[in-house]
Amino acid sequence: QKEVEQDPGPLSVPEGAIVSLNCTYSNSAFQYFMWYRQYSRKGPELLMYTYSSGNKEDGRFTAQVDKSSKYISLFIRDSQPSDSATYLCAMSVGNAGKSTFGDGTTLTVKP
Amino acid sequence: GAVVSQHPSRVICKSGTSVKIECRSLDFQATTMFWYRQFPKQSLMLMATSNEGSKATYEQGVEKDKFLINHASLTLSTLTVTSAHPEDSSFYICSARGLGDNSPLHFGNGTRLTVT
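Line by line, the protein sequences give chains A and B.
Everything in the first sequence is counted per our numbering, starting at 1 for the first residue and increasing by one.
Everything in the second sequence is counted per our numbering, starting at 1001 for the first residue and increasing by one.
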């Protein structure tokens, strides 16, 4: 079993929809949680970065971490075609070491 | 924000030759950089951790003599794919941690290597 599980999709939604992306994990020592967006043939771009449990909001994006359930989510409100990309969750134990990535969820937002 | 530059973005080489990929932190010093490999529609596979001034730490199954890593300064790490073969064709990405405590990873834009 992988340390981080992420549904690869693909996920297709109409423009303006609310998108929910999720990851589960097994290592209770993870404390730092990240969401990255990756466009085709590009490197991942950091979207959200949270420490421990709780919510964090940045514009149309909201990240949630539930450490008791070992479950993290990324919500995208008012989704746009430009949001079409692969979304990777990542997490780490400390802030200086390597991160463990999910397999990524491919999202398509249709105009 | 922290910027990581990777060069070249794309390279085609012949089988048996070596290819060097550079990863630079443009506006911050990075004592640690990470090198990943990514196959189509798959996630990032960590290859090695590059430490400034010391030997890189390779993940299990990654040949250190084939994938040479040099982190000679606080802003530059290089990955050299030696004696490349077609099966080495892939997307290689580097990352580094930004400034300050609790800083997340920032990624370069990747290098697409094609070995013919």
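There could be a bad hint or two in this list.
In the SDA-like style, the derived pairs of lysine to any residue whose C-alpha atoms are separated by at most 20 Å in a straight line are [unchecked claim]:
hint, chain 1, residue 1, chain 2, residue 2
1, A, Lys-98, B, Thr-1114
2, B, Lys-1041, A, Glu-45
3, B, Lys-1020, B, Lys-1041
4, A, Lys-98, B, Pro-1008
5, A, Lys-42, A, Gly-94
6, A, Lys-42, B, Ser-1005
7, A, Lys-42, B, Arg-1010
8, B, Lys-1014, B, Thr-1114
9, A, Lys-67, A, Asp-83
10, B, Lys-1064, B, Ser-1083
11, B, Lys-1064, B, Val-1003
12, A, Lys-2, A, Ile-18
13, A, Lys-98, B, Val-1003
14, A, Lys-2, B, Arg-1010
15, A, Lys-42, B, Asp-1088
16, A, Lys-42, B, Gln-1038
17, B, Lys-1066, B, Lys-1041
Think of the hints as simulated: they come from the structure by calculation, not from any bench.
Checklist entry - Going straight from one Cα to the other, do Lys-42(A) and Gly-94(A) come out at no more than 20 Å? => result Between Lys-42(A) and Gly-94(A) the Cα gap is close to 26 Å, so the pair fails against 20 Å, i.e. violated.
Checklist entry - Taking 20 Å as the top limit, are the C-alpha atoms of Lys-42(A) and Gln-1038(B) close enough? => result 11 Å, holds
Next on the checklist: Holds or violated: Lys-1014(B) and Thr-1114(B), Cα atoms, limit 20 Å.
Outcome noted: Distance ~8 Å between Lys-1014(B) and Thr-1114(B) Cα, so the pair holds.
Checklist entry - Are the Cα positions of Lys-2(A) and Ile-18(A) separated by 20 Å at most? => result 28 Å, violated
Next on the checklist: Hinted pair, alpha-carbon criterion (20 Å max): Lys-98(A), Pro-1008(B). Please report holds or violated.
Outcome noted: With a Cα-Cα distance of about 24 Å, the restraint between Lys-98(A) and Pro-1008(B) is violated, given a limit of 20 Å.
Checklist entry - For the pair supplied as a hint, Lys-42(A) and Arg-1010(B), is the alpha-carbon distance within the 20 Å limit? => result 11 Å, holds
Checklist entry - If you draw a straight line from the CA of Lys-2(A) to the CA of Arg-1010(B), is it 20 Å or shorter? => result Given that 20 Å is the threshold and the Cα spacing comes to 31 Å, the pair is violated.
Next on the checklist: Check whether the Cα positions of Lys-1064(B) and Val-1003(B) lie no farther apart than 20 Å.
Outcome noted: 27 Å, violated
Checklist entry - Between Lys-1064(B) and Ser-1083(B), is the straight-line Cα distance small enough, at 20 Å or below? => result It holds: about 13 Å lies between the C-alpha atoms, which stays within 20 Å.
Next on the checklist: Can you confirm whether the C-alpha distance between Lys-42(A) and Asp-1088(B) stays at or below 20 Å?
Outcome noted: 18 Å, holds
Checklist entry - For the pair supplied as a hint, Lys-67(A) and Asp-83(A), is the alpha-carbon distance within the 20 Å limit? => result Cα-Cα ~27 Å, so violated.
Item to check | Given pair status - Lys-1041(B), Lys-1020(B), alpha carbons within 20 Å | outcome: 24 Å, violated
Of the hints listed earlier, those the structure fails to meet are numbers 1, 3, 4, 5, 9, 11, 12, 14, 17, in rising order.
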